[in-house]
Amino acid sequence: MIDFKDKLVLALGERDGIPAPALSTCVESVGGRVVYAVTECFV
Amino acid sequence: MRPVVRAARFAVAHVPGLVLSGSKPRRDIAAGGAEIRAALERRLRSFEDAVGYPPHQVLLGALPPEALREIPRPWHLRPLPGARPAGPGGTMIDELGFYAWLARADTARLVHFTEEFAEGLRPRLGDAPISTMGSADLRGAIERRAEPLHLRDGRLIGAVMPGHDEDDSLAAPILLENFAAKTTGALALRCLLDAGRDAAAGDPPAGEDHPVDYLIGCGEEAVGDRYQRGGGSLAKAIGELAGVRTAGACDVKAFCAGPLHGLLLAGALVAGGVCRRVVVVAGGSLAKLGMKCRGHLAAGYPLLEDVLVGAAIDVAADDGRSPFLRMDTAAVHRIADGTAPHQMAQVLTVVPLRAAGLALGDVDRYAVELHNPDITEPAGSGDVPARNYQMIAALAAQAGEIARSEIPAFAAAHGMPGFSPTQGHIASAIAYLHHAVTGLTRGPFTRVQLVAKGSLFLGRMTELTDGVSILLERNAAQESERRTA
Numbered sequence: 001m002i003d004f005k006d007k008l009v010l011a012l013g014e015r016d017g018i019p020a021p022a023l024s025t026c027v028e029s030v031g032g033r034v035v036y037a038v039t040e041c042f043v
Numbered sequence: 001m002r003p004v005v006r007a008a009r010f011a012v013a014h015v016p017g018l019v020l021s022g023s024k025p026r027r028d029i030a031a032g033g034a035e036i037r038a039a040l041e042r043r044l045r046s047f048e049d050a051v052g053y054p055p056h057q058v059l060l061g062a063l064p065p066e067a068l069r070e071i072p073r074p075w076h077l078r079p080l081p082g083a084r085p086a087g088p089g090g091t092m093i094d095e096l097g098f099y100a101w102l103a104r105a106d107t108a109r110l111v112h113f114t115e116e117f118a119e120g121l122r123p124r125l126g127d128a129p130i131s132t133m134g135s136a137d138l139r140g141a142i143e144r145r146a147e148p149l150h151l152r153d154g155r156l157i158g159a160v161m162p163g164h165d166e167d168d169s170l171a172a173p174i175l176l177e178n179f180a181a182k183t184t185g186a187l188a189l190r191c192l193l194d195a196g197r198d199a200a201a202g203d204p205p206a207g208e209d210h211p212v213d214y215l216i217g218c219g220e221e222a223v224g225d226r227y228q229r230g231g232g233s234l235a236k237a238i239g240e241l242a243g244v245r246t247a248g249a250c251d252v253k254a255f256c257a258g259p260l261h262g263l264l265l266a267g268a269l270v271a272g273g274v275c276r277r278v279v280v281v282a283g284g285s286l287a288k289l290g291m292k293c294r295g296h297l298a299a300g301y302p303l304l305e306d307v308l309v310g311a312a313i314d315v316a317a318d319d320g321r322s323p324f325l326r327m328d329t330a331a332v333h334r335i336a337d338g339t340a341p342h343q344m345a346q347v348l349t350v351v352p353l354r355a356a357g358l359a360l361g362d363v364d365r366y367a368v369e370l371h372n373p374d375i376t377e378p379a380g381s382g383d384v385p386a387r388n389y390q391m392i393a394a395l396a397a398q399a400g401e402i403a404r405s406e407i408p409a410f411a412a413a414h415g416m417p418g419f420s421p422t423q424g425h426i427a428s429a430i431a432y433l434h435h436a437v438t439g440l441t442r443g444p445f446t447r448v449q450l451v452a453k454g455s456l457f458l459g460r461m462t463e464l465t466d467g468v469s470i471l472l473e474r475n476a477a478q479e480s481e482r483r484t485a
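For the record, the sequence lines run as chains A and B.
Here the first sequence stands for residues 1 to 43, numbered as in the working numbering.
Here the second sequence stands for residues 1 to 485, numbered as in the working numbering.
To be clear, the hints were calculated from the coordinates, so they are not data collected in a lab.
Don't take each hint at face value.
Claimed, not checked - Under 7 angstroms between C-beta atoms, here's a sample of chain A residues computed to sit facing chain B: (1) D16; (2) P19; (3) V43.
To be verified - To spell it out: a stretch of chain B is covered by chain A in this simulated footprint if at least three of its residues, at any positions, have a beta carbon under 8 angstroms from a beta carbon of chain A; those stretches are: (4) 369 to 378; (5) 384 to 393; (6) 420 to 433; (7) 454 to 466.
Stated by the list, open to error - Label pairs and their in silico Cβ distance ranges: (8) A:D6 with B:E66: 48 to 54 angstroms; (9) B:R42 with A:V30: 46 to 52 angstroms; (10) A:V35 with B:H342: 23 to 29 angstroms; (11) B:E401 with A:G31: 38 to 44 angstroms; (12) A:D6 with B:A412: 45 to 51 angstroms; (13) A:K5 with B:G361: 44 to 50 angstroms; (14) A:D6 with B:A299: 40 to 46 angstroms; (15) A:V35 with B:R139: 45 to 51 angstroms; (16) B:A397 with A:C26: 21 to 27 angstroms; (17) A:V30 with B:E66: 40 to 46 angstroms; (18) A:E28 with B:G361: 35 to 41 angstroms; (19) A:E40 with B:H342: 15 to 21 angstroms; (20) B:E143 with A:V35: 42 to 48 angstroms.
All C-beta atoms in this analysis are idealised placements derived from N, C-alpha and C, irrespective of residue type, glycine included.
Please work from the sequences and hints to get the whole structure.
As structure tokens, this is what we get:
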């Protein structure tokens with residue numbers, strides 16, 4: 001288990017996987033701070 | 001009037017000489033120089049190899065997608081003996097064929113070929129004019145930002161001039177992208193209109209068919225100038241090049257979901273009585289050539305992204321045999337809908353089926369993102385269609401339609417292996433359309449759901465993605481005949 005409290009996070013999402021807004025919501029809900037979030041399409 | 005999808009045709013242009021003009025190879029060569037250029041050039045396929053490549057034969061309709069399950073991967077090691085560059089679902093042209101169409105498409109007289117190459121093209125062009133330039137002048141123009149045109153063997157055979165000295169929207173590389181889309185879109189449209197007629201199946205005789213009233217363009221290009229970068233309408237230019245005189249036209253945009261938005265709008269125009277016949281057209285994406293080249297080089301593969309693909313989809317009023325475009329089952333991803341894959345699948349697949357009183361198992365085939373895994377896996381993108389089918393099967397399990405242990409069997413029975421080139425708008429569901437129409441008329445299918453996604457977030461104007469789905473259903477007249485039989 002990673003402790004995200006006060007950690008700075010780069011959220012790199014994927015369209016057909018987990019998009020960045022979902023990653024950001026999860027990280028922020030456990031005290032992490034998202035400093036960059038982007039969703040990419042890999043096809 | 002209920003709309004039907006009468007046919008879909010694909011034009012596949014094998015253009016290995018243009019692979020290095022794709023966005024990714026261009027950037028890699030700019031960074032890595034002659035060494036990376038030489039490495040890429042060594043992995044360009046011959047036309048014969050591209051024709052025999054099993055996924056291309058599926059796109060041309062000569063092989064059902066399910067047949068790929070019996071062919072060991074990677075598929076480029078298993079060329080189909082006797083494969084032809086044409087099938088019931090489309091046609092494939094080589095570099096010379098493509099450049100002949102490019103010359104025809106050049107109404108602005110911006111494409112110039114060497115005299116020697118032009119001489120070889122003339123027999124294919126009939127009376128159409130072709131512009132030439134001496135080799136020294138050509139090289140000078142390229143130094144002044146013209147875009148070079150090459151063959152697979154590296155020969156320089158021409159160049160596209162910039163459309164304006166100070167307009168980035170009319171820069172030569174942009175114009176080549178737009179010409180590539182126009183050319184392959186027109187070829188697909190011509191292929192659709194020239195398709196062999198089957199009187200026994202109810203096709204009207206040539207000349208009695210209803211003319212095309214409207215064209216909806218949905219490719220990946222942005223045609224315009226500095227004052228209106230994506231102005232359009234390429235659909236009208238495609239229709240002009242294909243010799244269609246009766247149609248009006250416009251373009252719709254939604255990244256790779258564009259074609260299904262186009263199909264939905266075409267159905268609405270027919271259902272509303274505005275048009276009798278609408279063709280949805282799309283040209284190929286030059287920018288995506290060689291997109292996964294790094295992965296292919298590392299895996300020792302040839303550069304598999306060496307084809308431009310155009311598409312044309314014929315939507316018309318009910319003809320008593322073609323599958324219905326069930327407008328009541330059309331779903332669009334709304335702004336407030338979530339964008340996680342399970343939310344997308346819920347909105348696009350489960351909700352419209354439930355509203356129509358259907359279970360997930362009532363759909364014979366789901367046409368989802370049909371990217372060829374031979375292309376995507378070496379680049380680390382995984383098997384995209386398999387992931388989509390896993391999600392739909394999981395939702396069937398969640399709904400209690402199947403047991404969890406039946407998820408793999410459901411995915412296999414209602415899905416298919418990916419076979420589409422990574423020309424995004426083609427891979428998004430419509431690559432399957434020829435097989436869908438065949439299965440719903442002469443085959444055993446009752447329903448096929450088309451599900452497309454578009455990565456709107458790539459344009460940096462939103463974090464949203466997009467999606468569209470619609471059901472194709474066997475024509476009621478056909479269904480009644482089948483029951484009687």
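Each hint tested on the structure:
Taking 7 angstroms as the C-beta cut-off, the interface hint given for D16 (chain A) holds, the closest approach to chain B being about 6 angstroms. Taken as an interface hint, P19 (chain A) checks out: its beta carbon lies about 5 angstroms from the nearest beta carbon of chain B, inside 7 angstroms. Interface restraint check: V43 (chain A) against chain B, minimum CB-CB distance 5 angstroms, threshold 7 angstroms, status holds. Taking a C-beta to C-beta cut-off of 8 angstroms, the region 369 to 378 of chain B contributes 3 residues in contact with chain A, enough for the three needed, and the coverage statement holds.
Interface restraint, the region 384 to 393 of chain B with chain A: holds (3 residues with C-beta to C-beta distance below 8 angstroms; minimum three). Counting residues of the region 420 to 433 of chain B whose beta carbon lies closer than 8 angstroms to any beta carbon of chain A gives 3, which reaches the threshold of three, so the coverage claim holds. Given as covered by chain A, the region 454 to 466 of chain B passes the check, having 5 residues with a CB less than 8 angstroms from a CB of that chain where 3 are the minimum. Against the hinted window of 48 to 54 angstroms, the Cβ-Cβ separation of D6 (chain A) and E66 (chain B) comes to about 52 angstroms, which satisfies the hint.
Between R42 (chain B) and V30 (chain A) the Cβ separation comes to about 49 angstroms, which falls inside the hinted range of 46 to 52 angstroms. For V35 (chain A) and H342 (chain B), the Cβ-Cβ distance of about 27 angstroms falls inside the hinted range of 23 to 29 angstroms, so the restraint holds. For E401 (chain B) and G31 (chain A), the Cβ-Cβ distance of about 40 angstroms falls inside the hinted range of 38 to 44 angstroms, so the restraint holds. At about 47 angstroms, the CB distance of D6 (chain A) to A412 (chain B) agrees with the hint of 45 to 51 angstroms.
For the pair K5 (chain A) and G361 (chain B), the beta carbons lie near 46 angstroms from each other, so the given range of 44 to 50 angstroms is met. Range check, D6 (chain A) to A299 (chain B): Cβ separation about 41 angstroms, and the 40 to 46 angstroms hint holds. Between V35 (chain A) and R139 (chain B) the beta carbon distance is about 48 angstroms. The supplied range of 45 to 51 angstroms therefore holds. Between A397 (chain B) and C26 (chain A) the CB atoms are about 24 angstroms apart, so this pair conforms to the stated range of 21 to 27 angstroms.
Roughly 45 angstroms separates the CB atoms of V30 (chain A) and E66 (chain B), a value that falls within the hinted 40 to 46 angstroms. Checking the proposed 35 to 41 angstroms range against E28 (chain A) and G361 (chain B) shows it holds: the Cβ atoms sit about 39 angstroms from each other. One distance hint, 15 to 21 angstroms for the beta-carbon pair E40 (chain A) and H342 (chain B), holds here, with the actual separation near 19 angstroms. Between E143 (chain B) and V35 (chain A) the CB atoms are about 43 angstroms apart, so this pair conforms to the stated range of 42 to 48 angstroms.
Comparing the model with each numbered hint stated earlier shows that all of them hold.
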